[in-house]
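Heads up: the sequence lines are chains A and B, in that order. The working numbering applies: residue 1132 is where the first sequence begins, and numbers increase by one. The working numbering applies: residue -11 is where the second sequence begins, and numbers increase by one.
Honestly, the hints are just simulated from the structure, not real lab data. Idealized CB from N, CA, C, for every residue including glycine.
Partner residues aside, some chain B positions facing chain A, computed with beta carbon under 10 Å:
(1) Leu128
(2) Leu148
(3) Ile156
(4) Ser158
(5) Ala159
(6) Leu162
(7) Ala166
(8) Leu168
Here are some, though not all, of the chain B residues that point toward chain A, as calculated from beta-carbon distances under 10 Å:
(9) Tyr56
(10) Phe121
(11) Val126
(12) Ile129
(13) Ala147
(14) Leu155
(15) Phe160
(16) Phe161
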Amino acid sequence: MTWLICFTIGATVAAAAYLIMQRRLIQLVLGLSLLSHATNLMLIASGWVGDGKVPIVPENGPVDPAGYVDPLPQAMILTAIVISFAVTAFLLVLAMNIYQRFKTDDIDRLRRLMG
Amino acid sequence: MSDLLPLFAAGPLLAGVVLFFVRRNARLQESLSLAALAANLALALWLLRETAGGDIFVHRMGFWPFPYGILLVADRLTATMLCLSAAVVGASGAFACQYLSEEQRREVFHPLLHFLLMGMQGAFATGDIFNLFVFFEVMLISTYALLGFYYGLDQLEMALKYTCLNLIASAFFLLGVAMLYAQVGTVNMADLSVKVREVGPTPLMVLTALTFVFVFSVKAAIFPMQLWLPSAHSISPTPVSAILAGVLVKVGVYAILRCSTLIFPEPFQRIQAILIGLAVATILYGALGTLPQRNLKRILAYSTINQLGYIVFAIALLTPAGWAAAVFYAVGHAFLKSSLLLGAGLSQKLTGTVDLDDMGGLMERAPFSTLLLLTGLLSLAGIPPLAGFFSKLFVIQAGFAQGAYLSTGIALAAGIFSLYYNFSTYQRLAWGAPKGETGSAPAAMYAAVAFLASFAVIFGLGVPWLYGWSQLVASQLASPAPYIAAMRLAG
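Produce the complete structure using the sequences and hints provided.
Printed below as a string of structure tokens:
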């Protein structure tokens, strides 16, 4: 299972890097948002124990925690997702402002227009 | 005292929300904003007095036991940084009330200012590295909005550049947290300190430390991550650039300082040569970058890079003397650079430009504001008895004491170079025949600049006291055991 996570993180980062290096603003925004997803996956992997069980303590008291997934990274990811959501929304507004003003979202052309 | 710590984050949050709802009434909004900033400064000063004896205050958020809950911690360094941020943001806020026009204010400046303050003060006070990430994001998202404040042509491009760079840095921050968590299974700074020492400086741990250095060096504008700073600092509205140069970059410095003393003392020994190399490159880049500039704010921005190089150089020496010099330098520079930037804004209000070649003859046109600028530039150039001289002196002393002769020699040479660029700036700005019309500026703007500029003199004259305080801060940083014990006890 670990190799699958590794592969997914690698592929997501590659896709993000490709998108960020493109010329259009919308691709830049999508690329940055993908990059934050990749790091979230990395964070999940840091609390992973093989095919761990769901970290919910059963009613009849505490159990040996060895077989369970670590819940703390999952709580942290929840925060990270909300933050990346807010920042992506802000970036989209910024990109839309630029598009409305210059009628283009091509970065090279924008650079010429902005001087 | 411990129970008041959350106020540093909650107070500005509450103020920001309230200010947003009274945005239609500009006068009410301004007075409320200034009252909240004054209260914040008073609280920070009180905390400074309370921590002076060496006590460490810890507040536990929620009811989670150590090391799971988020702890807010205040030692001498935290209290110093809190005072600094409160004073600089307060003066900039007062300045902004007069400086920004009705249209520029767009009703959201003051709420954003308080959210920014919340992020910075939260970052200074937190004892949890993931919480540090969260406060960094609060701070950054406020700056994204404040930087693109006017939405002019230059601002949009610059806001985009700044936002993208910081987003990539944030991704790396999270990556660093994940790497750290995978190795030691904790995010509490006290717990991290103990467990990272147990693991020892393995290659993976050194790589983790390097990741954090990269992330914080984007904030602190350390070479080669300094490219965003000149345009961000020169194009943003002047009160915002004063906060950026005065406090925001210091958040990066603060985080590097905490990493080097508390979290990664051993891995930092391994990467010391890299850190010193980067710091020296930053010093040189900042000094040389001032040469071709004509815009006063851009010169000040490059000089900020130059000064940050000195601060990080002092931290990278990894000795208590170096840390004391770094704290002294950071505090002095915060007041100095924000006073200079607000002074530039004042001159802009008077002459309508920040272009040095059009400002000529400022001495004759606006003697008082020129005098304020002169105080700052002299201090920046390192003329005794102003604060800038002692900052450089302590850094160079610490460098030679550590035996880093080559790098300290380069830093010293760059210091002499800064003498040149500061004097040439002053000459181009103040001398010559007066050009153009001279407007007028309200007294409150002069007062805000004078308040900050006076610290250049006060710190210069009060060196024994201030350096003594920096040494106290450094001695607390050098022995993290009481810090860790205080956090354990509270959790």
